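K.L.:
All chains, full assembly: derive it from the sequences and hints.
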Amino acid sequence: MAEIQLKDLAHSYAADPEHTTDYAIHQMNHVWEQGGAYALLGPSGCGKSTLLNIISGLVKPSHGSVLFDGVVMNDISPQDRNIAQVFQFPVIYDSMTVYDNLAFPLRNMKVIESEVDEKVRAVADILELNSILQQKANNLSADQKQKISMGRGLVRDDVSAILFDEPLTVIDPNLKWKLRRKLKQIHERYNLTMVYVTHDQLEASTFADKIALMYEGKIVQFGTPRELFENPNHTFVGYFIGSPGMNLLEIEVTAEGAKMGEITVCLNDQQRRLLKSAGNASLKLGIRPEFVQLSSQSNDESMPCTLVHTEDLGTYKIVTVMLGEHSIKVRLDEEQQVPEQNAYLNFPSQWLKFYADDYLIVTDETGDKS
Amino acid sequence: MSRKKNIGITAYSIFVLLPVYWLINMSFKSNEEILGTFSLWPQQFTFANYQVIFTDPSWYNGYFNSITYVVLNSIITLLVALPAAYAFSRYKFIGDKHLFFWLLTNRMAPPAVFLLPFFQLYSSIGLFDTHIAVALAHCLFSVPLAVWILEGFMSSVPREIDETAYIDGYSFPRFFIRIFLPLISSGIGVTVFFSFMFSWVELLLARTLTSVNAKPIAAIMTRTIGADGIDWGVLSAAGVLTIIPGILVIYFVRNHVAKGFALGRV
Amino acid sequence: MNKIQNNRAWFLVLPVFILVAFSAIIPLMTVVNYSVQDIFDQNNAYFVGVEWYRDVLQDPRLQDSLLRQFMYSGSVLAIEIPLGIAVALMMPTRGAMASLSLILLAIPLLIPWNVVGTIWQIFARADIGLLGYAINGMGIEYNYATNATDAWLTVVLMDVWHWTSLIALLCYSGLRAIPDAYYQAAKIDRASDWAIFKYIQLPKLKGVLIIGVLLRFMDSFMIYTEPFVLTGGGPGNSTTFLSQTLTKMAIGQFDIGPAAAFSMIYFLIVLLVSWLFFTTISQLDKNKT
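Heads up: the sequence lines are chains B, F and W, in that order.
1085 is the number of the first residue of the first sequence in the numbering used here; add one for each residue after it.
3 is the number of the first residue of the second sequence in the numbering used here; add one for each residue after it.
-4 is the number of the first residue of the third sequence in the numbering used here; add one for each residue after it.
It is worth saying that the hints were derived from the structure and are not from the lab.
Quick caveat, the model's predicted, so the values are computed rather than measured.
Among these hints, one or two may not hold up.
Residues from chain F that face chain W, not an exhaustive set, calculated with beta carbons under 8 Å [as the list claims (entries may be wrong)]: (1) Val22; (2) Ile26; (3) Phe95; (4) Ala111; (5) Val149; (6) Gly191; (7) Gly248; (8) Val251.
With a straight-line Cα cutoff of 30 Å, these simulated BS3-like cross-link-like pairs (lysine-lysine) come out [claimed, not checked]: (9) F:Lys7 <-> B:Lys1144; (10) F:Lys94 <-> W:Lys(-2); (11) B:Lys1220 <-> W:Lys182; (12) B:Lys1302 <-> B:Lys1144; (13) B:Lys1144 <-> F:Lys6; (14) B:Lys1194 <-> B:Lys1266.
Quick list of the computed label-pair ranges, beta carbon to beta carbon [stated by the list, open to error]: (15) F:Leu250 <-> B:Val1115: 55 to 65 Å; (16) W:Asn142 <-> F:Lys6: 30 to 40 Å; (17) W:Asn142 <-> F:Ala50: 26 to 36 Å; (18) B:Asp1201 <-> W:Asn232: 55 to 65 Å.
Built from N, CA and C at the ideal position, the CB exists for glycine as well.
P.N.:
Structure representation (structure tokens):
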């Protein structure tokens, strides 16, 4: 069992990195607690796979250290770290049967055969591989193969963490949810730390208790799926999470409120204070399409807008409107009507987020800034 | 582990290079020195052996002859094998499997079997002692191989690429040359490597089908056996010169070869 | 891949067909024709049926060289396949050293076969050759020109030198085609180097190895030039293989009928063994998909 800690960790593939752009992973401190189910989410090339390989020991970090339960692991080889890893493409030993595949790590550790048998059968039971134990592994479907590679991690008693590197990429869409549920089940049963790398926010939020969102080699936010949705720490989190992503508008603070081009959004006192504290930074206003209100009636704070496009996606609609020269997305439930003639937008003030240099501006009472 | 590996590969490289080194060593010695003293490197370094080859047309023409038919062979092989491989990789047609297998059986035919009939065939159509005769004879072995290699490469190119190109309005020849060939450049590299390899190293057919005008260098080398024994120095120098074209070819296609071999089609 | 049925594809295959038919079918027919006739001169030929075949099969020269041939092909395969795999495993995987070793290994493959013979002639001779000189210097009597065992060993060693590279290059490329994830997973599964070889590398090399064995069998079975240059088939007949026996018969003695019958038998043996391999390969391909 292990708590995984990254301490002042940074990594560069270049021999002597000079610029920050040389780094695949920027310096970070992070803790994955024992027994948690975590997702490492981010677009391709953000460094998430590199980070995973640093944890498993396949890549040696150029700076800082990796600690398992407080013990520095930098010089410990992958096989001695007591972790298992499931790769994007299923890795199976094709010449062996399913049974031998599952038994392989145990046999390598010279475990006695009766114990091997017991373990293999127990794991096969959970993974529903019982019926095919004696089959050759190379003729199986991708999801079965992926289960086998997972099973090889589970048979070992000493495994304290399982790392997944986009394990569902090659799985048929209709089998993905099944396998994902299996993962969840295994997590509950074995009390293992699991880190799951993916670029799919849906996969991440259904699997993980907490998501670490990575962007350009940094973990920009670490929190529950709900936190990432409601309170994005960084404009990228707003943009990346949610579908469509957050509306982000550049603003200037004036006496009346937040000015964007011709339009001015009214601000309350707290928000004014908040923006003032940011000083000269470049400011942005963010609001999720789900929280924007669109109606055919105007009220005190509403702003007139023009409808551009409506996309009906069945259970909800995405409406694109123009507010001055800014394009804004609004997400409406299916029963909500799209205004026909005059349309007015409202930005409920509790859902307005303000960003200075892309980071959320926070006051002391509302939590931390990463 | 990696140390052991390095020692192993170094040892094997020495095993490969030692006989070649000895040949080079000999080529810079005079016959008196070769037969008189035993030494690991030339004591009286001489270019005389190379001079013999570069000044005697019957020697250096041998190189031109060999290179001529090898190049001819590679060109013919590529020209006929490319469309055929495309057909095998993209279409089903009557007798395709049989034809493919029949082509491959020719790679399995011992050249010695074809010796006499080839001699008679090419003599009767007046091609005896021409470069093209040797090139054609070698095609029998290089073409099946080329079709096989190229078919493997072409099959790994998704057919959607062909279809997209047609939809975009490419004619077949333009598509084939502008789009398809660049995609299988590794395959072409490997094919050239193998047709060169086969044609350059083969002697039995080349010697049988030529007498004077197209006689390959390899056959001319037997001349060094004269009345007073073998002219070791000149023989070595001629040998060294035959290794150079091979090294040039492998140098140019080295990156393609590993990829091509991986398909298991050679 | 689902291929489209299209008989016009024959037009694309036609050049190959004509070329190969011209160089293969006509000569092969000539051989078949000769093998069933007794030819005295242009106008006097008698149909003799299978007589030449019977003669040839009973000919001790053929039987001897066939036996020698199988022994030879067997021994070179037994050495070259394991050695080739070992060399491939030892080759550096990236960087300039990888290119360099690739080029070095390929050198023997691109040397004309008679020059290969010449190189070994010069290298192994007791008087002027490094190898011969060194062996004799160690107090072991060695002369490939007079001692049949020495000649045999030298020819085998020459073949190993000449062709192990082919197996090594094949396996090297096969190894490069194994994704890194396999090695990483094996590391995490605590597989030993031997287990990695046995369960990952060897199974992935199966395809290229079958091709390698097939090629080496075919080519060693047809070997002519190298031993001809090195030993001339001697001493005695100790290194006379099938091709040389055939060439002697056809060109040296003009026994065209028996030589033709011999050719057919020779071809059929190679074809039969190769066909066995070919079926194995297609079977493997089928299993994969």
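K.L.:
State the violated hints by number, sorted upward, taking the hints as numbered earlier in the document.
P.N.:
2 and 6
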